[in-house]
Amino acid sequence: QNQNLLCWGSSAYDELSPPPGLFVDVDCSAQHCCAVKSSGDISCWGSNEFGQANDRSAGSFVSVGAGHELSCGLHATGRLECWGANWDAQLEVPDETFRQVGVGGFHVCGLTTAGAIRCWGHNNAGQTDSPAGTFTELGSGGTFTCALDETGAAQCWGNIATPASGSFIALETGENRACGLTASGTMRCWYEEDVIPTDLSYADISLGGISMCGITHSREILCDPEAPASLRLWNGRTD
1 QNQNLLCWGS SAYDELSPPP GLFVDVDCSA QHCCAVKSSG DISCWGSNEF
51 GQANDRSAGS FVSVGAGHEL SCGLHATGRL ECWGANWDAQ LEVPDETFRQ
101 VGVGGFHVCG LTTAGAIRCW GHNNAGQTDS PAGTFTELGS GGTFTCALDE
151 TGAAQCWGNI ATPASGSFIA LETGENRACG LTASGTMRCW YEEDVIPTDL
201 SYADISLGGI SMCGITHSRE ILCDPEAPAS LRLWNGRTD
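Quick note on numbering: our numbering labels position 53 of the sequence shown as 53, and the sequence is numbered without any gaps.
Simulated from the structure, these hints should not be mistaken for laboratory data.
From the three backbone atoms N, C-alpha and C, an ideal C-beta is built for every residue, glycine too.
A few of these clues could be false.
Taking CB as the label site, the calculated pair distances span [what the hints assert, rightly or not]:
1) 151 to 49: 40 to 48 angstroms
2) 39 to 7: 16 to 24 angstroms
3) 165 to 11: 35 to 43 angstroms
4) 3 to 49: 39 to 47 angstroms
5) 151 to 2: 22 to 30 angstroms
6) 162 to 123: 34 to 42 angstroms
7) 8 to 92: 28 to 36 angstroms
8) 203 to 162: 39 to 47 angstroms
9) 48 to 151: 40 to 48 angstroms
10) 62 to 20: 33 to 41 angstroms
11) 186 to 131: 34 to 42 angstroms
Assemble the whole structure, with the sequences as input and the hints as a guide.
Pasting the structure below:
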């Protein structure tokens, strides 16, 4: 709400030590994080073996994505740039104008301003074989990508379970799972859905490698058992 950044969880690569400042977007991989400052610059921290945590100071970024040894930033103009490891041509961004980026394990997908999806990089599980059509939102996981079409239906490709049916207004992806948020605030996931309480209405959701959190309409943060004990857990534990 006040653009401050709070991190918790594993800190094997010092991921819990974000730089000071105000931020408008943030994304983390298993080993590093990147965030867009209110100034439009990008600050990254954590593992930097391949330059994936190098800062970017163009002053025109609006969003950022972090994957395995890779980061991508989207400029206000729709230009997308990526940096870090380039094992499978992940840094060879198509010459198109994008409005959203999803960075997976070793692949990247971008949603163009026309609603088309372009994917590139590692393709061991079909994660870059994007479907034709017009889409409104996308998200990438370890070896998959999902997107919402114009009807709100979810489509996925790569190594991921079959998406839940229905219409969604938002989509969130983690390392090996995805969730959709309905207009009524219900969260539906295609992986371990039994851990999610169905009697709550969510305003926003976020997935990580092995954990997930949701913000209810009453502004309460609820996380699964992998979250810190200071947050209310979905299974009712408080310690």
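The hints, checked one at a time:
1. 151 to 49: 40 to 48 angstroms: Holds, since residue 151 and residue 49 (Cβ atoms, about 42 angstroms apart) stay within the stated range.
2. 39 to 7: 16 to 24 angstroms: holds, 20 angstroms
3. 165 to 11: 35 to 43 angstroms: For residue 165 and residue 11 the Cβ distance comes to about 39 angstroms; the hint holds.
4. 3 to 49: 39 to 47 angstroms: Given a distance of about 29 angstroms, which is not inside 39 to 47 angstroms, the answer is violated.
5. 151 to 2: 22 to 30 angstroms: Given about 36 angstroms between the Cβ atoms, the range is violated.
6. 162 to 123: 34 to 42 angstroms: 20 angstroms Cβ-Cβ, so the 34 to 42 angstroms window is violated.
7. 8 to 92: 28 to 36 angstroms: Given range 28 to 36 angstroms: holds, Cβ gap about 35 angstroms.
8. 203 to 162: 39 to 47 angstroms: violated, 26 angstroms
9. 48 to 151: 40 to 48 angstroms: Distance hint for residue 48, residue 151 holds at roughly 41 angstroms.
10. 62 to 20: 33 to 41 angstroms: Given a distance of about 21 angstroms, which is not inside 33 to 41 angstroms, the answer is violated.
11. 186 to 131: 34 to 42 angstroms: Because 25 angstroms falls outside the window, the suggested range is violated.
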